[in-house]
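Peer 1: So in the working numbering, spot 111 of the sequence shown is number 111, and the numbers just go up one at a time.
Be a bit skeptical, because a hint or two may be false.
The following label-pair restraints were derived from C-beta to C-beta distances [stated by the list, open to error]: (1) Ala250 <-> Pro26: 51 to 61 Å; (2) Gly141 <-> Pro26: 15 to 25 Å; (3) Gln131 <-> Glu239: 21 to 31 Å.
Keep in mind the hints are simulated off the structure, nothing from the lab. Where is the CB? At the ideal position from N, CA and C, for every residue including glycine.
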Amino acid sequence: MAGQHEGFALGVDLGTSNTVAVLRWPDGRTRPLLMDGQPLSPSAVYADPDGTLHTGWDARRLAQADPARFEANPKRRVDEPTVRLGDRTYPPADLLSAVLAAVARTAVGAVGFLPPAVVTYPAAWDATRRQVLADALLRAGWPQAAEHTLAGPTPPGTRLLREPVAAARYYTQVLHRPVPVGGAIAVFDFGGGTLDVAVLRNEGADPWGDSGFSVVADGGLPDLGGLDLDAALVRRVGELVGERHAAQWARLTRPADPAQRRDQVRLWEEVRGAKETLSRSAVAPVAVPGVAETIQLTRADVEGVATPLLRRAVQRAREVIAAAGLSPEQLDGLFLVGGSSRIPLVARMLHAELGIAPTVLDQPELPVVEGALTDLPLRKPLPAPAYAGPQLAPPAPAPVSPPAPAGALAPVVPSQRWPGSAPPVGPPPGPG
């Protein structure tokens, strides 16, 4: 049975807002795990009155009835001793564990077992935060976590890898972009909840066969991400409808009962969907609950509210690059990852302000989780034995050895659709 498990690997990017996991087959194909039918699952947790924790899209749906039992971003609470959900408190490790357990169940449902895995974490996380993640993995039933460093081979178990290191490996090993030994790359990770910027140096292959990227400088903005852009766009919608529909807008922004809270969730989902559409189109409709007319948001609306926020992001990137002792033109690459990097204005502003053309993919959520899989390289198959032709005579009988004593051992940049072009994988459908 163990032989059937060889070659499978699982990469997991536990994000502030969303979690994505990718499974690699022994032949090198990669497929996203579908949690609740989606390749991206909210990193959210909802606590039932009996203490049962629900995650992902289920948590988001349940929160509409009782938001006091809901935590949308448990990763942001990692420094707190406990988090209150309803009338109970939970250590942050328990909330992260619930998210990781859902990933594990999906992987087991897809291939029948939990493959060797690499889980990524922010470059800025200190030993205390990494221990919370390690505790969460253990509570979720994963093997003991072990961190990858350049100081020695990684012990067996679930591997932990810095997010920008995973992104840099994707840049060089999957996209095949050159970063010479001694050269540097900046990773601009603009996700749903935070901005993280890191500069990494290529130290060359280490003695254990891994590409040795080290983090030279890192920094970020914990209060800036896609959620902040969403909030700014919601305010813009309010400017467009609030004067004519003041009472309804007040109900949407200050809900007083479950029905109004559900309408508020629908509004934010409409705005978020419009923001994503506007990364590809010039105009997107927004259906405001309780308002008959449909509001038209434009790319100019997005760029108008996003520009002041993105100025902070660009300035932070400039500061991190300077902290590494480099100027932007000395970089061998600027790689944009994280879902919010999809907004065209992000790349345009970075290019204009830093003078270096960034690389951004159609699916910027993928590079970190795909790059994590490089920490578990595919085993090269042994060559098949050469065919020597038919034997003309039977072999001589082998000599007979005396029996061994008891207990002795016998001698001995392709398409940016999900890479691999294989369809997504989810748990097998239930009966009926």
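Peer 1: Please go over all the hints and tell whether each is borne out by the structure.
Peer 2: Hint-by-hint comparison with the structure:
{"no.": "1", "hint": "Ala250 <-> Pro26: 51 to 61 Å", "result": "57 Å, holds"}
{"no.": "2", "hint": "Gly141 <-> Pro26: 15 to 25 Å", "result": "23 Å, holds"}
{"no.": "3", "hint": "Gln131 <-> Glu239: 21 to 31 Å", "result": "45 Å, violated"}
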